[in-house]
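Kindly produce the complete structure, drawing on both the sequences and the hints.
Number of protein chains: 2
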Amino acid sequence: MPVGTAGSVKGIRFEELQAPDLDARIILGNTYHLWLRPGIEVIKACGGLHNFIGWDRAMLTDSGGFQVWSLTEIRKVTEEGTEFRSHIDGALKFLSPEISMEVQSVLGAEIAMAFDECPPGQIEHDAARQSMELTLRWANRSKEALDQLQAGDNQRGSAGMDAGEPQAGMPALRQALFGIIQGGAHLDLRRESLERTVEIGFDGYAIGGLSVGEEKPVMLDIIEDIAPLMPSDKARYLMGVGTPEDLIESVARGVDMFDCVLPTRNGRNGQAFTSRGKVNIKNARFATDTRPLDEQCSCAVCRRHSRAFIRHLYLAGEMLASILLTHHNLAFFLDTMRRVRQAIRSGQFAKFRREFTEQLSSGLE
Amino acid sequence: MPVGTAGSVKGIRFEELQAPDLDARIILGNTYHLWLRPGIEVIKACGGLHNFIGWDRAMLTDSGGFQVWSLTEIRKVTEEGTEFRSHIDGALKFLSPEISMEVQSVLGAEIAMAFDECPPGQIEHDAARQSMELTLRWANRSKEALDQLQAGDNQRGSAGMDAGEPQAGMPALRQALFGIIQGGAHLDLRRESLERTVEIGFDGYAIGGLSVGEEKPVMLDIIEDIAPLMPSDKARYLMGVGTPEDLIESVARGVDMFDCVLPTRNGRNGQAFTSRGKVNIKNARFATDTRPLDEQCSCAVCRRHSRAFIRHLYLAGEMLASILLTHHNLAFFLDTMRRVRQAIRSGQFAKFRREFTEQLSSGLE
Numbered sequence: 001m002p003v004g005t006a007g008s009v010k011g012i013r014f015e016e017l018q019a020p021d022l023d024a025r026i027i028l029g030n031t032y033h034l035w036l037r038p039g040i041e042v043i044k045a046c047g048g049l050h051n052f053i054g055w056d057r058a059m060l061t062d063s064g065g066f067q068v069w070s071l072t073e074i075r076k077v078t079e080e081g082t083e084f085r086s087h088i089d090g091a092l093k094f095l096s097p098e099i100s101m102e103v104q105s106v107l108g109a110e111i112a113m114a115f116d117e118c119p120p121g122q123i124e125h126d127a128a129r130q131s132m133e134l135t136l137r138w139a140n141r142s143k144e145a146l147d148q149l150q151a152g153d154n155q156r157g158s159a160g161m162d163a164g165e166p167q168a169g170m171p172a173l174r175q176a177l178f179g180i181i182q183g184g185a186h187l188d189l190r191r192e193s194l195e196r197t198v199e200i201g202f203d204g205y206a207i208g209g210l211s212v213g214e215e216k217p218v219m220l221d222i223i224e225d226i227a228p229l230m231p232s233d234k235a236r237y238l239m240g241v242g243t244p245e246d247l248i249e250s251v252a253r254g255v256d257m258f259d260c261v262l263p264t265r266n267g268r269n270g271q272a273f274t275s276r277g278k279v280n281i282k283n284a285r286f287a288t289d290t291r292p293l294d295e296q297c298s299c300a301v302c303r304r305h306s307r308a309f310i311r312h313l314y315l316a317g318e319m320l321a322s323i324l325l326t327h328h329n330l331a332f333f334l335d336t337m338r339r340v341r342q343a344i345r346s347g348q349f350a351k352f353r354r355e356f357t358e359q360l361s362s363g364l365e
Numbered sequence: 001m002p003v004g005t006a007g008s009v010k011g012i013r014f015e016e017l018q019a020p021d022l023d024a025r026i027i028l029g030n031t032y033h034l035w036l037r038p039g040i041e042v043i044k045a046c047g048g049l050h051n052f053i054g055w056d057r058a059m060l061t062d063s064g065g066f067q068v069w070s071l072t073e074i075r076k077v078t079e080e081g082t083e084f085r086s087h088i089d090g091a092l093k094f095l096s097p098e099i100s101m102e103v104q105s106v107l108g109a110e111i112a113m114a115f116d117e118c119p120p121g122q123i124e125h126d127a128a129r130q131s132m133e134l135t136l137r138w139a140n141r142s143k144e145a146l147d148q149l150q151a152g153d154n155q156r157g158s159a160g161m162d163a164g165e166p167q168a169g170m171p172a173l174r175q176a177l178f179g180i181i182q183g184g185a186h187l188d189l190r191r192e193s194l195e196r197t198v199e200i201g202f203d204g205y206a207i208g209g210l211s212v213g214e215e216k217p218v219m220l221d222i223i224e225d226i227a228p229l230m231p232s233d234k235a236r237y238l239m240g241v242g243t244p245e246d247l248i249e250s251v252a253r254g255v256d257m258f259d260c261v262l263p264t265r266n267g268r269n270g271q272a273f274t275s276r277g278k279v280n281i282k283n284a285r286f287a288t289d290t291r292p293l294d295e296q297c298s299c300a301v302c303r304r305h306s307r308a309f310i311r312h313l314y315l316a317g318e319m320l321a322s323i324l325l326t327h328h329n330l331a332f333f334l335d336t337m338r339r340v341r342q343a344i345r346s347g348q349f350a351k352f353r354r355e356f357t358e359q360l361s362s363g364l365e
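Protein chains in written order, with our numbering: chain F, 1 to 365; chain W, 1 to 365.
Check each hint, because a few of them may be wrong.
For chains that are exact copies, the list does not tell them apart, and a pair is met inside one copy or across any two.
In silico DSSO-like pairs for lysine-lysine, Cα to Cα no more than 27 Å straight-line [stated by the list, open to error]:
id, residue 1, residue 2
1, K143, K93
2, K76, K93
3, K143, K76
4, K143, K351
5, K282, K44
6, K44, K216
7, K44, K143
8, K351, K76
9, K93, K234
10, K143, K282
11, K93, K282
12, K278, K93
13, K278, K234
14, K44, K351
15, K76, K278
What the hints contain is simulated information worked out from the structure, not anything from laboratory work. Just so you know, these numbers come straight off a predicted model, no measurement behind them.
Structure below.
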């Protein structure tokens, strides 16, 4: 999932996200960011997030738990919820499972996330258990809150998603809700978190609290242990991950879904992801290089523009550099996942994984 | 002509410039900027400006005269040329008619501009005459220099534009060269400049040195006096102008071509040009306004996005705000010129001018 934090996948238009070379079927929005700005009243008045931003494909909204932890000065975590200061204006705000669900209900994404506490990667066992227990209680409250909101919505008609009349013969709209597995780097806690989250019962399950400062082998070990235990008939979502290598290695361990800002953020910083590894477009060796960013890529950018031109744009401070690198990077990530799915369907994933990984480390010519 | 100063029309992709709602047939590039960065050797190595940037439609390159005047600390203007300091790194540089033509020959745009001296808008008669005489001598030298370069190119084949073989049956590529009329705000000098520039003989004629600080009535008076005297079988190009009103009023006085950064620059600053006048998208009254920027516009942005969303993007510092406003503004300017051409063809220009101007001052609902 390309990440559209504040209602925009940075540097790319929705038309491009839908074009055949990207064909993103689902994007991510952030409850935390959208709640603070433009605020839920604005989005409600504009008919929900799909209508507000002009995107009619699927969306998933994060619950705000991770952003509260990573972006704010947290004032107080209580049983009720989290008090923190807005990263925009320092205003004192309070987020709880019920508030997060209320916001996500108005946003109206196809998939909502339970409100969790996201502990630091290095958290000790005792603290990790306490945090996990809190996340489990919040998961229960998230589910109850969203169920109630949806029951209310269904009585009133399909509010939130569409201002129009419900279509005859269409089922009432229901947002899916995913639970989040926490437990830090402690496998016993991770397993318990998974088991008890599945007991509550969600439409899909996410592994949260990884890629937050722990070592990479720790992350892959946890995924290797936990992913196969996750219900095989529900989506398995690894939150906030990762590099192309991370995606392949996590798929190999059983993960289905990802979101990450790497393709967009690194694109804005002059970095291209290619089939032969990462490339810093500022490098002088590209000054007169008329080849595309990735000679194996058929995205709109690689069909039209050279490394030399994109380097020039970047050095000249032209916005188009970010736009083109973002487009190519998203194309590369989404195409990689398409190839992964194709390889799995044809029983060739092991071969694909080996060849993809080998090529990724070969370096750009 | 959308302005692509450094090889990019800021904030918009070439695909969008070519899409039906914009359909830009020609864009402008700047000799000054491209000469300083990435430098002419890079563009030569990449096969000329069309190939370098990935644009196969027409281009016009400015000669650098205006940019030297407006962007640099000029050190010395001599008969030979202009010595100045680069606005990028302060390096001492020298630009002359011959150097400008050499650079423009490598850039390979369909239309090159003579190298002129651009005096300030308020220049006195004596100084304006001296400057005009210098511009005339430089016009002569520009023409001779480009003629020689093209003769050389034609002997060598179609260098600069395309690295491939010239196609059988195709005439040798020849860049058009436009002369520039100067003379400050002094009508007698403007007329003399026109007459003597036409004597030298160019493929088209531009009015330079307007929209540089003089009063708007002064500009329109000069255009009203000069444009009808310009050869009617050659393009009449008003450089660096202007607002939608300026375009209509200048067309009414006989002008054919324009270039201006207003639609792109003001778009990046949160300003939309609409059929009912300029709009500051930051305005709070748009917070929940689900209408498009311009209800009469059928561009891709107005078909998809609301004022409320674009306002949100702008306030959140999202790059997409600039991208969408730039796209809409260019669509509005290019569509206005299409409607102007249509009105002229059907003999309805006077009516169009009256109605367009009236609506422009009516304000957005």
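Consistency of the hints with the structure:
{"no.": "1", "hint": "K143 with K93", "verdict": "within (22 Å within a copy, 68 Å between copies)"}
{"no.": "2", "hint": "K76 with K93", "verdict": "within (11 Å within a copy, 61 Å between copies)"}
{"no.": "3", "hint": "K143 with K76", "verdict": "within (23 Å within a copy, 75 Å between copies)"}
{"no.": "4", "hint": "K143 with K351", "verdict": "neither (41 Å within a copy, 63 Å between copies)"}
{"no.": "5", "hint": "K282 with K44", "verdict": "between (43 Å within a copy, 20 Å between copies)"}
{"no.": "6", "hint": "K44 with K216", "verdict": "neither (41 Å within a copy, 45 Å between copies)"}
{"no.": "7", "hint": "K44 with K143", "verdict": "within (22 Å within a copy, 63 Å between copies)"}
{"no.": "8", "hint": "K351 with K76", "verdict": "neither (49 Å within a copy, 67 Å between copies)"}
{"no.": "9", "hint": "K93 with K234", "verdict": "neither (34 Å within a copy, 66 Å between copies)"}
{"no.": "10", "hint": "K143 with K282", "verdict": "neither (48 Å within a copy, 38 Å between copies)"}
{"no.": "11", "hint": "K93 with K282", "verdict": "between (41 Å within a copy, 25 Å between copies)"}
{"no.": "12", "hint": "K278 with K93", "verdict": "neither (39 Å within a copy, 37 Å between copies)"}
{"no.": "13", "hint": "K278 with K234", "verdict": "neither (33 Å within a copy, 51 Å between copies)"}
{"no.": "14", "hint": "K44 with K351", "verdict": "neither (48 Å within a copy, 43 Å between copies)"}
{"no.": "15", "hint": "K76 with K278", "verdict": "neither (40 Å within a copy, 47 Å between copies)"}
Figure legend: structure checked against the earlier numbered hints; hints not met, in rising order: 4, 6, 8, 9, 10, 12, 13, 14, 15.
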